[in-house]
Amino acid sequence: MTIIFSWGRVAAWEHHLKTLSDRRHIAEIINESMPGLAYGMGRSYGDVGLNPNGFLWQTAKLDRLISFDENTGQLSCEAGVLLRDIQRLMIPRGWILPVSPGTQLITVGGAIANDVHGKNQHHYGSFGNHIQKISLLRTDGEIIECGPQLRADWFSATLGGLGLTGFIVSAVIQLRRVVNPFLDIETIPYQNLSEFFSLADEADLNSEYAVSWVDCLSAKGRGIFVRGNHSSGEHQLKISQNSVGRTFPLTPPISLMNDFSIKIFNKCYFNLKKWRAGSATVHYEPFFYPLDRLLEWNRLYGKKGFYQYQALVPRANRQEVIKAMLNEIIRSGEGSFLAVLKTFSDKASLGTLSFPKSGVTLALDFPNKAEKTLGLFLRLDAIVQEASGRLYLAKDMRMSRDFFEKSYSKFSEFLSYRDPGISSSMSRRLMGY
Amino acid sequence: MQRKKIVIVGASSAIAEQCARLWAEDPAVDFVLVGRTLAKLELISADLCVRNPQSHITNWQVDFIDPVKIKAVVDAIVQTGKVDIVLIAQGSLPDQRQCQENLSLCSEALSINSISPVLFAEAFLGHMQKENSGTLAIIGSVAGDRGRKSNYIYGAAKSLLACYVQGISHRLAKTKVKVILVKPGPTDTPMTTHFKQQGLRLASAKTVACDILGAIKSGKSVIYTPARWFFIMKMVQYIPQFIFKKMDV
Chain H
1 MTIIFSWGRV
11 AAWEHHLKTL
21 SDRRHIAEII
31 NESMPGLAYG
41 MGRSYGDVGL
51 NPNGFLWQTA
61 KLDRLISFDE
71 NTGQLSCEAG
81 VLLRDIQRLM
91 IPRGWILPVS
101 PGTQLITVGG
111 AIANDVHGKN
121 QHHYGSFGNH
131 IQKISLLRTD
141 GEIIECGPQL
151 RADWFSATLG
161 GLGLTGFIVS
171 AVIQLRRVVN
181 PFLDIETIPY
191 QNLSEFFSLA
201 DEADLNSEYA
211 VSWVDCLSAK
221 GRGIFVRGNH
231 SSGEHQLKIS
241 QNSVGRTFPL
251 TPPISLMNDF
261 SIKIFNKCYF
271 NLKKWRAGSA
281 TVHYEPFFYP
291 LDRLLEWNRL
301 YGKKGFYQYQ
311 ALVPRANRQE
321 VIKAMLNEII
331 RSGEGSFLAV
341 LKTFSDKASL
351 GTLSFPKSGV
361 TLALDFPNKA
371 EKTLGLFLRL
381 DAIVQEASGR
391 LYLAKDMRMS
401 RDFFEKSYSK
411 FSEFLSYRDP
421 GISSSMSRRL
431 MGY
Chain Y
434 MQRKKIVIVG
444 ASSAIAEQCA
454 RLWAEDPAVD
464 FVLVGRTLAK
474 LELISADLCV
484 RNPQSHITNW
494 QVDFIDPVKI
504 KAVVDAIVQT
514 GKVDIVLIAQ
524 GSLPDQRQCQ
534 ENLSLCSEAL
544 SINSISPVLF
554 AEAFLGHMQK
564 ENSGTLAIIG
574 SVAGDRGRKS
584 NYIYGAAKSL
594 LACYVQGISH
604 RLAKTKVKVI
614 LVKPGPTDTP
624 MTTHFKQQGL
634 RLASAKTVAC
644 DILGAIKSGK
654 SVIYTPARWF
664 FIMKMVQYIP
674 QFIFKKMDV
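So the sequence lines, in the order shown, correspond to chains H and Y.
For reference, each letter of the first sequence is one residue, going 1 to 433 in this note's numbering.
For reference, each letter of the second sequence is one residue, going 434 to 682 in this note's numbering.
It should be emphasised that the hints constitute simulated quantities derived from the structure, not laboratory data.
A few of these clues could be false.
[To be verified] For lysine-lysine, the following BS3-like pairs were computed, each having C-alpha atoms within a straight-line distance of at most 27 Å:
1) 504/Y / 61/H
2) 18/H / 639/Y
3) 220/H / 372/H
4) 263/H / 274/H
5) 438/Y / 650/Y
6) 473/Y / 133/H
7) 437/Y / 504/Y
8) 61/H / 473/Y
9) 473/Y / 437/Y
10) 323/H / 372/H
11) 667/Y / 18/H
12) 611/Y / 438/Y
13) 653/Y / 667/Y
14) 263/H / 304/H
Bound conformation, chain H alone:
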């Protein structure tokens, strides 16, 4: 048995590990290690990727590319291929992943299973909107090939299906053309939520990428808004293949992110960004994936780890609801440095349990202070639930089953597509087994 941590390091549970490295032999390995769960890079904050006391089928070595059509941009690859490897290989050839989240150190299988989104959700939807085909292996040995026009019900269940509908062996991704690896971005400080929403609404129309950092300790909700588009200017296509970030060297006994340091960080960050506001042309890696510059940054929160709370609230009353959430956080005295605010458009995600829908999403990291933190989450849940919002399953590890069932209205439809040989901590918590 090996201890595997959730990315937030709140959970540290024992697992039996099975390494998969040859797609021809997956069925045999899975068959002798059930119930199990596919496990990629372990970047899920909560318990969606864990199966305590059970098997994890490790996919990181299932990382072969299968084919690529230079004319259409369709890439077929195994589930363990990293988004980073696709970007670094394909961008110099004029193709890019249409959607990628805040880290590129995740697998294609994980991106599908959580139907991840990025800074361009308002234009390009989520990862699943660009998947042409999934090859799904059920634990009884059946192989289901599914896509938007091919067994579409299985396709919808598998996108954002938390790895519970079968083992994703490979996928075909539709890449999009890109001229160079640079983006023209603009950094704009805002003083309150009303300014944020007018910037976000404007960006919905004019900017492909838009995201903001919010100072969750400021009463008005000040922050830094960043918007951008792919640069069309002449730039060199060459990018460094081996640039890796620094690794955070140790797990401190106590969190380095505490009330005091977060207050200072937030103040400094806001003022630094305000000072540097304006236009710039930047490489895609630091813009898309700022967190990848410090590997194992999750250890900053010390031995007790941290939670990430990401909620989505519908468009109606969005400003009041986000304000109420920020007020609740200030009242609780809990702070968050990594606080991200982003609007979602009505570009529909295709997965039955996909997270994005029209509205605004707020994502926050909180050091784990046990009951104090969990108590705050319950109060935030009440605000989100009241506003008919929901939480992102890829980040969660404590939502109640009742909240899940009420906020993911299609969950019962999803259950009939589950694979009985697959189970996770999250599925046992929210779906019974």
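Following the hints, put chain Y in place on chain H, whose structure we already have.
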């Protein structure tokens, strides 16, 4: 620009595959992949083909123990043109205890880890010597530096490779052919999954591959990868036998 021809024997080994991916970053490289299972080679060559569409890749399936078949395959490969680099990477990590109890397993482990690489190397080096060019790298192991009870069959096989490389380097000293022995420490490959579960710190196959490419470029005769294993093994070699006997390693 002249294209480089690289032959990889044991091409489906994790380290060899990572080497191939790094080489494939250069558009002017052609590959000859040699392995025991064609279907596995096809997965790898398809992957390399996506990474480098300009590359010409051929797959050869061959019995790794049969000297006649090895000679025939190597001759056929060499006939298609001069070889610039040969990487010999096949191997398996046997269970020591099973090898002690089952001599067939013991024989298999010795064959695949020592006899087979030597046969391939001899077959290629004859041609390379005639051409007076090329580099041949063999993957050995730190386990070959000192025998210990938990893996001496594997270690003995890898130690044979070290002695072989010494001899062949001597033979080829007056030529332009370079021979390199690579000694990886424990590496994260499907072969070492059980080490990982025991919490042992393993180097990534990609890190080892980077070091192999570096050694081939610089022409070093022996490399340890990651480099810290040079110092670790020096210390291990100097531990007096009466102390070593008491150690549970």
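**Item:** Broken hints, by number
**Value:** Violated hints: 1, 11; rest satisfied.
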